[in-house]
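Asker: Given next are the chains, with one letter for each unit.
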Amino acid sequence: MNHRGRIQSQGGGIEKSENWAKNSSLTICEGKIKLSGLKADHPKKILKERINAFAKLEGFMNNANSQGGVSGPISKSYPVLNHKNKRIDLEVQKGQAFV
Amino acid sequence: MFKYKDFLENKGSYRWNKLFWKNSICSHFKKVFDKEFIFENSKSTTQNNNFIKIENFVTDTYNNGKLFYDGNPIISGKILSANKAFRIIQEDPNEFDIFYSKFENESIHEIKELVIILTLTKENHKLALNDLEEWFKELKN
Numbered sequence: 003m004n005h006r007g008r009i010q011s012q013g014g015g016i017e018k019s020e021n022w023a024k025n026s027s028l029t030i031c032e033g034k035i036k037l038s039g040l041k042a043d044h045p046k047k048i049l050k051e052r053i054n055a056f057a058k059l060e061g062f063m064n065n066a067n068s069q070g071g072v073s074g075p076i077s078k079s080y081p082v083l084n085h086k087n088k089r090i091d092l093e094v095q096k097g098q099a100f101v
Numbered sequence: 002m003f004k005y006k007d008f009l010e011n012k013g014s015y016r017w018n019k020l021f022w023k024n025s026i027c028s029h030f031k032k033v034f035d036k037e038f039i040f041e042n043s044k045s046t047t048q049n050n051n052f053i054k055i056e057n058f059v060t061d062t063y064n065n066g067k068l069f070y071d072g073n074p075i076i077s078g079k080i081l082s083a084n085k086a087f088r089i090i091q092e093d094p095n096e097f098d099i100f101y102s103k104f105e106n107e108s109i110h111e112i113k114e115l116v117i118i119l120t121l122t123k124e125n126h127k128l129a130l131n132d133l134e135e136w137f138k139e140l141k142n
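Listed in order, the protein sequences are those of chains B and X. Per the numbering used here, residue 3 is the first one in the first sequence, and the count goes up by one each step. Per the numbering used here, residue 2 is the first one in the second sequence, and the count goes up by one each step.
In case anyone wonders, no lab produced these hints; they're calculated from the structure.
Facing chain B, from chain X, some residues (calculated, C-beta under 8 Å): (1) Tyr-63; (2) Asn-65; (3) Glu-96; (4) Val-116.
Just so you have them, the derived chain B footprint on chain X, three or more residues with Cβ under 8 Å: (5) 67-75; (6) 81-93; (7) 103-115.
Ideal Cβ positions, reconstructed from N, Cα and C, are used throughout, including at glycine.
Let's have the full structure, built from the sequences with the hints guiding it.
Answerer: In structure tokens:
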């Protein structure tokens, strides 16, 4: 597969991820569906705690889309405020995303 | 207290901030490892070809070539002779105040990385350089 990556939620006993491996670029719509799927996988209380980090990731996805997308390798980590070991990660291993 | 406090609003400040990291990492590594270091794609004035290259690790530009300008990461690199990489993420001091966190990661990029997340104070800068020195300690040999 030429286009691979994942978004994941880490720390505080949580390790959840949404991956992709495709022959075509990950579109912004597909990225948003992955993000919604990851958010939906969290209990409400934990989601609330990480909501700002998720919002930053979504903001990056939107910015990327307006700038022609991104190409791997990309790694971004969004820490959860006041929780040093909790974070949301984006990794684009290869190929393009958010086009 | 915070260096380059306006780095997220001022693109000039952002670029100086990136350069500050590049220069201080090369300078610290030269001091502790007694070798010359150079970031890939940097304009070098060194006459010494016996330097260690810090290669590009992750991209910080969109497909149109524009920088992310979000500090995530502010700087990254990999040193192939150590088979390790690093990323430094600089957060907004208005949101995070004084903040320092680090973790080791087996990323999907198939290389071990040290990730440091901080707000840029003099103390956190020193801490980050010391953590990078420890991470690449095998370069002392």
